[in-house]
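Chains F and X are the protein sequences, given in the same order.
Per this note's numbering, the very first residue in the first sequence carries number 118; after that it's consecutive.
Per this note's numbering, the very first residue in the second sequence carries number 118; after that it's consecutive.
Any given hint could turn out to be false.
Derived DMTMM-like pairs: lysine to aspartate or glutamate, alpha-carbon spacing no greater than 25 Å straight-line [as the list claims (entries may be wrong)]:
(1) LYS207/F - GLU224/X
(2) LYS218/X - GLU196/F
(3) LYS218/X - GLU248/F
(4) LYS218/F - ASP258/X
(5) LYS265/X - GLU248/F
(6) LYS265/F - ASP211/X
(7) LYS218/X - ASP221/F
(8) LYS251/X - ASP258/F
(9) LYS265/F - GLU143/X
Just so you know, these hints were derived from the structure itself, not from any lab.
Protein chains: 2
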Amino acid sequence: MPDILHRVGIKSPSTSAVYAALTTVEGLAGWWTIDSQGENTIGGELRFRFGAAGGFDMKVLELDEGTGVLWQVVDGPAEWIGTRISFALKQEGDYAIVLFKHADWREPVEFMHHCSTKWATFLMSLKSLIEIGKGTPHPDDITIDNWK
Amino acid sequence: MPDILHRVGIKSPSTSAVYAALTTVEGLAGWWTIDSQGENTIGGELRFRFGAAGGFDMKVLELDEGTGVLWQVVDGPAEWIGTRISFALKQEGDYAIVLFKHADWREPVEFMHHCSTKWATFLMSLKSLIEIGKGTPHPDDITIDNWK
Numbered sequence: 118m119p120d121i122l123h124r125v126g127i128k129s130p131s132t133s134a135v136y137a138a139l140t141t142v143e144g145l146a147g148w149w150t151i152d153s154q155g156e157n158t159i160g161g162e163l164r165f166r167f168g169a170a171g172g173f174d175m176k177v178l179e180l181d182e183g184t185g186v187l188w189q190v191v192d193g194p195a196e197w198i199g200t201r202i203s204f205a206l207k208q209e210g211d212y213a214i215v216l217f218k219h220a221d222w223r224e225p226v227e228f229m230h231h232c233s234t235k236w237a238t239f240l241m242s243l244k245s246l247i248e249i250g251k252g253t254p255h256p257d258d259i260t261i262d263n264w265k
Numbered sequence: 118m119p120d121i122l123h124r125v126g127i128k129s130p131s132t133s134a135v136y137a138a139l140t141t142v143e144g145l146a147g148w149w150t151i152d153s154q155g156e157n158t159i160g161g162e163l164r165f166r167f168g169a170a171g172g173f174d175m176k177v178l179e180l181d182e183g184t185g186v187l188w189q190v191v192d193g194p195a196e197w198i199g200t201r202i203s204f205a206l207k208q209e210g211d212y213a214i215v216l217f218k219h220a221d222w223r224e225p226v227e228f229m230h231h232c233s234t235k236w237a238t239f240l241m242s243l244k245s246l247i248e249i250g251k252g253t254p255h256p257d258d259i260t261i262d263n264w265k
């Protein structure tokens, strides 16, 4: 099944700040959407909302301190339900590397193309949050097309 | 085989300016790399260079006025050789939509993750070129990680 893949490198002496930005509601609100809520525990649910556009509910499947996070989408657009989103972290010199995967799309639909580009802009937002202290979470996210 | 997919929407009354930016050396130099050369004819080759990082040679397989372009990579990094890159264009209201695909990667290697994110930034550069008259081609391209 098709996957969305990305890699960003974030100037940071370790992966711990990036891990915190992926595993706390405050961190998630700093780069993805300011309307981030929920329980960041294994089996817990995280809820991300994007105003009138709706949002996503994720079940937390894995939390590996400093090295990775795995979520499964349990509610949201039909194309997303059942897909899995992971962030694998490692340190390379001055950079905390994020290997991102949004896996198990059923078909490479046009919406998947949109989400791939949009994820890239949100990962660059995560990079900005850590490097300069400010990301571009929704509603300040970058418009990529007529779907926002 | 895994593919990189993206979608951008560019504010433009038709797809013709975007098509020109994909099919002329001047256009390509405005958003991907200033060192773009070659023959934009079917069967011709385009050469893109990124300074010390090397570059890519593409054979032009298809040119469909206003609706699409297909290239095959004939020289460059081993992972790229034989892969195909397409830009499908269509108009939706005020937006020229670009559906991008870099297809037929043999394996979803870490370099593919990097290229996916990097393509997103270059497609946003294409969007800027058309919308505000200025892109961010190499060497002014956006750094995404420790691989540049």
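Evaluated hints:
With a CA separation close to 21 Å, the supplied pair LYS207/F and GLU224/X stays within the 25 Å bound. For the hint linking LYS218/X to GLU196/F, the alpha-carbon distance of about 19 Å falls within 25 Å, and the restraint holds. A distance of roughly 30 Å separates the Cα atoms of LYS218/X and GLU248/F; the hinted pair therefore is violated under the 25 Å criterion. Simply put, LYS218/F and ASP258/X have alpha-carbon atoms about 24 Å apart, close enough for the 25 Å limit, and the pair holds.
Distance hint between LYS265/X and GLU248/F is fulfilled; the C-alpha atoms sit about 16 Å from each other, no more than 25 Å. At most 25 Å may separate the alpha-carbon atoms for a hinted pair to count; LYS265/F and ASP211/X meet this at roughly 13 Å. Of the supplied pair hints, the one linking LYS218/X and ASP221/F holds, its CA atoms being roughly 18 Å apart against a limit of 25 Å. A distance of roughly 21 Å separates the Cα atoms of LYS251/X and ASP258/F; the hinted pair therefore holds under the 25 Å criterion.
The suggested pairing of LYS265/F with GLU143/X is violated, with an alpha-carbon distance near 29 Å, which exceeds 25 Å.
Checked against the numbered hints given earlier, the structure breaks hints 3, 9 and satisfies all the rest.
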